[in-house]
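Peer 1: Residue numbers (UniProt numbering), protein chains in the order written: chain C, 1 to 405; chain E, 1 to 405; chain R, 1 to 368; chain L, 1 to 368.
No lab work stands behind these hints: they were computed from the structure. Each statement offered as a hint is correct.
Far from chain C, some chain R residues (derived; all Cβ distances over 12 Å):
(1) F19
(2) D35
(3) E60
(4) G63
(5) L67
(6) G68
(7) Q106
(8) A109
(9) V119
(10) R140
(11) T157
(12) G171
(13) V290
(14) E361
(15) A365
(16) A367
List time: in silico EDC-like cross-link candidates among lysine to aspartate or glutamate, alpha-carbon distance up to 16 Å:
(17) C:K267 / L:E361
(18) C:K297 / L:D4
(19) C:K311 / L:D7
(20) C:K62 / C:E73
(21) C:K204 / R:E329
(22) E:K204 / L:E329
(23) E:K326 / R:D269
(24) C:K297 / L:E294
(25) E:K311 / R:D4
(26) C:K147 / C:D224
(27) E:K311 / R:D7
All C-beta atoms, glycine included, are put in the ideal place defined by N, C-alpha and C.
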Amino acid sequence: MDFNDSPEEAKIREGVRAWIAEHTAEYEGLPAPASNEEYVARQRSWQKKKYDGGYAGITWPKKFGGQGKGPMESIIFSQEEGKSAAPTGLYAIGLGMCIPTVFTHGSQDVIDRFVPKALDGDEIWCQLFSEPAAGSDLAGIRTKAEKDGDEWVINGQKVWTTNAHLCDYGIIVTRTDPGAPKHKGLTMFIVDMRDPGVECRPLKQMSGGSDFNEVFFDDVRVPDSWRLGAEGEGWKAALTTLMNERLAVGGKPRYSPDWSTLMAVAKEIETALGPASEQADVRDQIAQAYINDQGVKLTQQRSLSALSQGKTPGAEQSISKVVVAKQMQDISRFALDISESAGFMAAAEGSELAKLQGSYFGSAGLRIAGGTDEILRNIIAERVLGLPGDLRPPKDTPFNEIEAL
Amino acid sequence: MDFNDSPEEAKIREGVRAWIAEHTAEYEGLPAPASNEEYVARQRSWQKKKYDGGYAGITWPKKFGGQGKGPMESIIFSQEEGKSAAPTGLYAIGLGMCIPTVFTHGSQDVIDRFVPKALDGDEIWCQLFSEPAAGSDLAGIRTKAEKDGDEWVINGQKVWTTNAHLCDYGIIVTRTDPGAPKHKGLTMFIVDMRDPGVECRPLKQMSGGSDFNEVFFDDVRVPDSWRLGAEGEGWKAALTTLMNERLAVGGKPRYSPDWSTLMAVAKEIETALGPASEQADVRDQIAQAYINDQGVKLTQQRSLSALSQGKTPGAEQSISKVVVAKQMQDISRFALDISESAGFMAAAEGSELAKLQGSYFGSAGLRIAGGTDEILRNIIAERVLGLPGDLRPPKDTPFNEIEAL
Amino acid sequence: MNFDFSDDARELQAQARKFFDAEAGPDSARRVMNDDDIAFDEGMWQGVVELGLTALRVPEEHGGLGLGAEEACLIAEEVGRSLAPVPLMSTMLFTEALLAAGTEAQKAAWLPRIADGSVIGCVGWGEGGTQVPTSMPNARMTKSGLTGMKAPIADATIAHVGIFTGARTAGPGLFLVEFDQDAVQVEAVTTLDLVRQHGRVTLKDARAEAMGGADAYGDFLDKAAVLSAFEAIGTQDAAMVMAIDYARDRVAFGQRIGRYQGVKHKAADMYIKQQLARAHAMHGAWAFEVDAPELRQAAAAARTAALDALAFTAEENVQLHGGIGFTWESNCQFYYRRSRALSAALGSRGFWSDRLVRTLERRNAAAA
Amino acid sequence: MNFDFSDDARELQAQARKFFDAEAGPDSARRVMNDDDIAFDEGMWQGVVELGLTALRVPEEHGGLGLGAEEACLIAEEVGRSLAPVPLMSTMLFTEALLAAGTEAQKAAWLPRIADGSVIGCVGWGEGGTQVPTSMPNARMTKSGLTGMKAPIADATIAHVGIFTGARTAGPGLFLVEFDQDAVQVEAVTTLDLVRQHGRVTLKDARAEAMGGADAYGDFLDKAAVLSAFEAIGTQDAAMVMAIDYARDRVAFGQRIGRYQGVKHKAADMYIKQQLARAHAMHGAWAFEVDAPELRQAAAAARTAALDALAFTAEENVQLHGGIGFTWESNCQFYYRRSRALSAALGSRGFWSDRLVRTLERRNAAAA
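Could you put the whole structure together from the sequences, leaning on the hints where they help?
Peer 2: The structure is reproduced here in structure tokens:
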């Protein structure tokens with residue numbers, strides 16, 4: 001075992017580090033963007049630099065404009081990028097999930113039209129899958145697309161769409177044949193987010209913030225050439241996207257509290273018997289938090305390591321999100337509890353307590369987003385451990401005849 | 001609210017207490033029975049005294065030899081009996097569960113033949129329901145009874161039968177029509193446990209003890225007149241028995257550890273920071289144990305109180321066993337853990353540690369017996385909270401055509 | 001034996017519930033949350049006063065109904081269930097503090113006005129930090145008056161009078177402070193609960209009347225814990241019912257999600273935790289009513305169990321709802337936020353579970 | 001980066017697994033349990049020696065294979081998985097204690113005989129009470145020898161030599177004791193684990209050789225914790241596989257019980273706990289191998305997580321089996337009992353989780 005870079009990895013890292021140092025200087029110490037426009041401009045400028053520098057689409061095949069390199073190059077770049085002042089985030093879904101679906105399932109014309117402009121940052125993409133009645137059960141999608149000559153007409157509603165209001169295009173899953181079985185009547189399209197029939201409304205979360213959108217489609221027309229995959233094969237295309245999501249989801253949100261946050265907070269709490277950090281119950285929570293937080297990090301290292309060795313990672317990483325989200329909620333609740341009054345009053349922005357308060361709300365969402373705790377446990381039990389699935393209605397029942405049991 | 005007896009209750013208690021004091025004197029300070037015979041003789045002598053004194057079948061209708069009194073009389077008697085030296089236990093299943101089923105579903109002849117001899121202690125009864133493939137899913141019974149003239153011939157195996165080897169008769173559920181739907185092909189009978197075709201084998205538990213039996217039936221014949229309820233109506237009869245079981249199960253086994261056991265053990269453990277009982281994690285466990293143990297007791301008081309007021313108890317008591325069994329396992333594990341080496345070596349008989357060691361094994365069984373944690377949670381969710389049941393195969397599928405999904 | 005509430009108390013509860021069902025609930029909570037200009041629902045408060053809920057525990061000689069602890073407990077449960085945006089809990093706690101620790105003159109001065117609804121009261125021990133209820137307050141009583149800061153104090157911004165912990169030479173004690181004086185400044189503070197408004201009370205040599213000391217305070221704290229346990233159980237029950245209703249209707253993968261054991265067992269756990277908390281709280285109500293020595297342990301057990309039940313249920317209610325439960329529009333947030341408010345209101349779980357064990361130890365030592 | 005075992009280590013593990021699959025497992029454990037006259041399986045032990053498993057960590061200069069920590073960890077996992085009734089863990093721990101704290105002479109005297117299987121070793125700190133591993137031992141070294149009682153010591157009844165903690169004027173230390181002397185009495189003690197025999201070693205002025213002191217002992221303890229974490233993960237994995245196999249087959253209410261989320265989510269939790277424990281244990285194996293400063297925190301995290309995973313899995317394995325799992329004939333009991341043995345073997349969960357936090361605090365303080 002060796003936690004250090006191999007000589008080859010070290011060489012890659014050295015090059016990456018130098019390039020990033022040179023190109024991120026202009027972002028150092030910048031204040032947060034004052035407007036959406038400034039935010040987009042800053043993100044776009046960084047994506048352009050990466051494109052020009054040969055660091056965009058690192059693992060994509062060269063024929064799609066990528067670099068055709070291995071996963072280790074990509075991992076090293078992300079690690080170094082994460083440590084720098086580079087403004088990242090806006091392109092993650094588009095380049096991580098949407099465009100790989102586009103070049104896997106789109107026609108050559110579509111690829112030529114969309115992939116280069118996405119890669120160089122010109123056009124920003126979002127993913128339009130979830131609906132109010134299609135959350136955990138994603139294939140329950142009801143947004144419909146009806147054929148009209150060479151075009152499709154889309155009507156319906158999507159929800160939980162990240163950055164929809166900033167995007168130029170999206171990939172959308174629709175129901176094109178309500179009489180076909182649930183997974184068979186779906187078709188995926190590219191949709192123009194600037195179409196007048198598309199309305200994005202920010203979705204306010206219980207925490208008060210608005211990180212997502214509801215998106216309404218009212219007679220939005222897309223050409224048949226923007227179809228991704230065959231008619232009725234939308235589920236297959238969606239799986240391509242979700243496969244890429246599973247790789248992306250799971251880490252802990254940046255700036256979220258961990259065992260050391262709890263330790264720091266507990267050290268400052270004076271009890272009749274000294275600092276709270278010396279009480280056995282608090283210590284037990286710290287230990288448990290370390291085991292979960294660090295355990296997930298080490299587990300991800302195992303996956304990265306397999307990738308870097310050219311092996312396929314095992315199922316280890318499937319546990320990441322289910323552990324992280326609940327751990328965040330537990331540690332936040334516990335820390336707010338021992339903080340008594342101070343834990344309940346809105347804490348000073350940027351303080352550890354404020355982080356914990358934010359996380360007590362954020363974790364409730366994280367336990368749901370990208371697969372609930374319950375769905376993830378099902379997945380682990382079925383796909384990793386080989387247990388049989390829950391009983392379901394017959395797979396061949398037409399969607400519009402499924403009766404809820 | 002009033003935790004004291006009402007004047008009427010106080011009067012009953014006074015009478016009961018005096019009678020019990022007078023009649024249990026001979027059992028005071030007796031050593032444990034040296035043989036099965038001595039055990040049975042002692043239990044039988046107490047049952048006869050109760051019968052003679054008018055304290056047998058307190059709530060049973062008078063026409064079945066009972067006293068026709070209310071539940072409060074019965075509760076008060078049990079409370080006082082429990083505080084005395086009276087040797088109880090052997091008749092609990094027979095008189096608590098089997099005979100009520102007999103007088104509810106048996107013919108008048110059967111009632112005349114069996115009920116009086118059960119009530120005065122002459123004949124001891126057991127319940128023969130569970131099978132290796134019919135545990136949680138009790139209606140999955142395979143022991144078969146086939147009609148032969150005026151008789152039925154029973155073949156098969158039962159398991160988890162308490163005291164089978166000491167009993168004279170039992171009530172047994174059999175499958176009489178494998179072609180009928182699962183719940184429809186069952187019939188209940190009385191069976192003679194002294195029949196040469198009945199073989200009882202003690203079932204050794206993982207704790208090393210043998211509190212239960214396996215019972216094998218090899219061409220055991222019973223007259224049709226011993227049928228309890230109509231042919232094919234065995235499930236209905238079984239529900240009568242189980243209804244009575246739910247009332248009986250749930251309490252904590254006598255001598256099992258509780259919060260005060262943990263407190264006592266922790267007080268004796270010296271750590272670098274003083275007695276373990278002063279550590280916050282230990283205190284938290286004690287608090288949790290108190291909340292569970294005492295909470296269950298208080299919950300049972302609520303049910304008793306409703307009974308004593310002539311009301312029907314709510315669903316409160318359904319939580320009792322599911323809380324108690326897991327709590328026992330948790331507290332035992334925790335106490336053995338903090339006892340380090342001493343918790344692992346066989347502790348001196350009668351010591352608190354020995355009680356905890358016994359309970360660490362016993363609780364694993366208690367979590368299963370009389371309904372697993374999982375089944376009980378299902379029952380609470382479905383019957384108390386009104387949630388829909390798990391998906392099941394269609395109710396009308398013939399038993400011998402059910403395919404396991 | 002009769003371990004149940006009296007029929008009279010149940011009847012009063014039913015009346016209150018009918019009133020709150022009609023007037024309160026998540027919608028009224030949302031109205032108060034969304035309007036920065038109002039701290040409570042004044043119309044609803046009039047109704048509460050007319051129903052006699054502020055007069056409940058006020059002795060008849062002071063113009064009240066002279067009812068017992070049972071009634072107060074059941075009303076607390078209804079406040080919790082309905083999230084009613086009125087200062088009833090604060091005023092009830094003020095009343096109990098006055099009954100437990102007030103002088104005859106103080107009772108005569110304030111109880112009639114509590115009963116007729118002309119005065120809103122509040123109580124508080126917190127000083128914005130990580131203190132627990134029984135730690136020595138920083139607020140100090142000297143010859144020139146009471147000086148210090150108290151926060152977060154529920155309903156302080158609308159109260160006329162408060163009872164606060166403070167230190168004096170003889171040790172900690174309770175002090176009654178009228179807010180209508182220059183030496184008292186009250187301002188709203190933001191907390192995690194966006195419905196029940198909390199205030200920061202700054203005292204600079206404020207006129208303050210001494211009340212009872214540590215013993216009376218301890219007694220009050222136990223009674224307040226019992227009331228708060230009932231409030232928490234009410235809130236928990238509402239969250240549980242919301243979760244169960246959703247689980248009965250929502251369909252995923254072709255069946256109602258209530259069929260899945262993952263959902264079902266969670267619902268059962270909500271119920272189990274509630275039943276345990278309720279049994280302890282009822283034990284506390286009895287001990288409160290008859291002034292039984294078991295009060296301290298019953299109160300601590302009730303509050304610990306109720307806070308646990310509420311936190312679990314509030315969190316899992318969001319979880320069972322999935323994405324929709326995490327939105328601002330969903331009512332899940334009210335229970336999630338109130339869970340934090342009730343935890344902070346009177347000392348959190350850890351304080352009370354330790355107090356429980358200390359009480360059990362003392363009881364065991366006395367029995368030995 | 002390469003956070004995985006070497007192919008060589010995996011290969012060795014595969015060999016050992018093949019051997020133990022054929023020779024060990026619950027059936028062999030049951031044979032040893034049922035026969036009061038045997039403390040271990042001598043034939044299997046011969047096989048273990050022939051496979052070179054006792055020689056693994058013995059340096060080549062002392063006749064061993066000179067392999068690293070990775071190999072030892074994976075072998076410990078296989079011992080745990082197979083429940084192999086042989087004194088291999090005891091002998092491996094003896095070897096590590098000798099390597100960490102022994103003098104050159106001691107190594108030269110014992111390691112060759114460990115390697116060739118002619119000597120069985122054991123180690124122990126327990127004295128039958130509630131001590132934790134690092135508390136000052138009651139056993140005392142004086143000029144006349146080592147006096148005290150050590151129990152429960154795994155495999156003491158079949159060992160030739162042991163390394164024990166003891167107190168001397170300079171502080172606590174490790175002492176090497178040959179059992180073949182009158183001053184040493186060994187008798188079997190009954191424990192909750194009916195397969196792995198434990199002994200009580202009574203020493204009366206026994207000849208004992210001083211080894212390293214507290215530092216060397218601390219180092220040994222961390223390495224032992226890593227090995228024991230792998231052993232626990234092996235045992236946990238076997239219990240998990242048993243539970244999953246049963247859940248795939250057993251039918252209740254017309255479907256395989258593995259379809260129910262109540263069962264499924266429990267199985268997922270077993271796996272999740274295992275993966276976390278495994279990640280920490282691998283971190284520990286790396287730190288052990290390269291003598292990294294992270295060893296102490298990795299070892300404590302690995303052992304804490306592994307004991308938790310094992311206790312949970314052993315208990316829920318019985319639960320998933322229902323009544324049959326609670327019988328003597330079921331193999332569930334082996335995992336349930338072994339869980340207690342591994343917890344007691346080296347200080348229980350509480351000791352290690354506190355040690356973890358202490359280490360993290362020290363690390364944080366050093367970084368500040």
